[in-house]
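Using the hints, build the complex out of the two chains.
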Amino acid sequence: NAGVTQTPKFQVLKTGQSMTLQCAQDMNHEYMSWYRQDPGMGLRLIHYSVGAGITDQGEVPNGYNVSRSTTEDFPLRLLSAAPSQTSVYFCASSYSGATKEQYFGPGTRLTVT
Amino acid sequence: DAKTTQPPSMDCAEGRAANLPCNHSTISGNEYVYWYRQIHSQGPQYIIHGLKNNETNEMASLIITEDRKSSTLILPHATLRDTAVYYCIVVRTGANSKLTFGKGITLSVRP
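Taken in sequence, the protein lines are chains A and B. Per my numbering, residue 3 is the first one in the first sequence, and the count goes up by one each step. Per my numbering, residue 260 is the first one in the second sequence, and the count goes up by one each step.
Heads up, a few of these hints could be off.
[Stated by the list, open to error] Think about it this way: if two alpha-carbon atoms lie no more than 20 angstroms apart in a straight line, the pair counts; the simulated EDC-like pairs of lysine to aspartate or glutamate are:
1) B:Lys362 <-> A:Asp40
2) B:Lys357 <-> A:Glu32
3) A:Lys102 <-> A:Asp28
4) B:Lys311 <-> A:Glu103
5) A:Lys16 <-> A:Glu32
These are computed hints drawn from the structure, not numbers from a lab.
Okay, chain B solo, but in the shape it has when bound (with noise of 0.2 angstroms):
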């Protein structure tokens, strides 16, 4: 599966947006992009996912570039309760496919 680079951390102030970078250079056409995000010691929370399409759900927003090697995710009015690990993640189609989990980003939600 494709590797993905993140920042380690970035903050913002509530009720702003926060934008999310997320670089995957190599990935391939089968290859979608998920993002779960981790509230202290909690487990994993799904976010979204995408192929090529820009996504939108209650949580946030996907927007994928054309060529595909990057991406970002959008919580348009962050809150306190945002303040977790992001993780963005690479991950293949197909039956046996994974989640392989990086440091992720560590966004700090300030009042």
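One chain only, chain A, in its complex shape (with noise of 0.2 angstroms):
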């Protein structure tokens, strides 16, 4: 098994851009999550799903959107990027819920100029 892959590792954008931040799990899954991890602080959570066609918002949602149109991928967007959304971003996934084991994967490094 991969695990948990994240797309791509370092991505530099310009204020305004928008791209799209993949994250695919192998383990069949259904919970998925986003959090993103500013310097010094621990981690965010963005956005999370229960299963294949639901999505929530965590606690940072503004700025992002995501959609689980299966259960092996949870992309994130961001639709016009700001210096403030410079930060590194963690997928994760577990059985089902946040109170089973979960699996982070390696993060994706996002600066915003």
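Take a look at the structure:
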């Protein structure tokens, strides 16, 4: 199993550009989530999904969209990048919900200039 | 979800036990205590979790006080590779449960 994979590993955007961070898992997990981590801080939940076709907002959803058309994939879209979105983004998955062990991807380092 | 309080940092000698404390005085009966760790810039890694009984796995032991208001993560024989930020998180059961990360405790294992 590859586990949770994220692409790209690094990305530089200009203010106003849009892009999609990819996340995929091959463990048939129902629950997937996106977090961002700013320097010296803990992770903050952006969006999560309890299954295909179902998404919900986390703590910091503004400026981000998600969709879950398949069990395996959970892309995160930045609609119009801003410098405040410079961060490291982690995707995670678990069998069902946060009360099961969550597996995290290696992260995407995003810089918005 | 109940909030947790952890000291910002601690250190221990390699080979010794590392005891990482966590306070969660407002925890509810349906909330679990989870521990994750994050080794420099990597994605967090699950360590252990418990409800009210003490738990042990190949990585660590989790001791939860009888009133459930605090817990201790024990790494029995710390190695240099255990140097990381350790997060104590309280999670409510349910389909829409979420992990809420604080700043965690930075454990430095010295040779």
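Handout entry: Hint check, failures only
Key = Failing hint: just 5.
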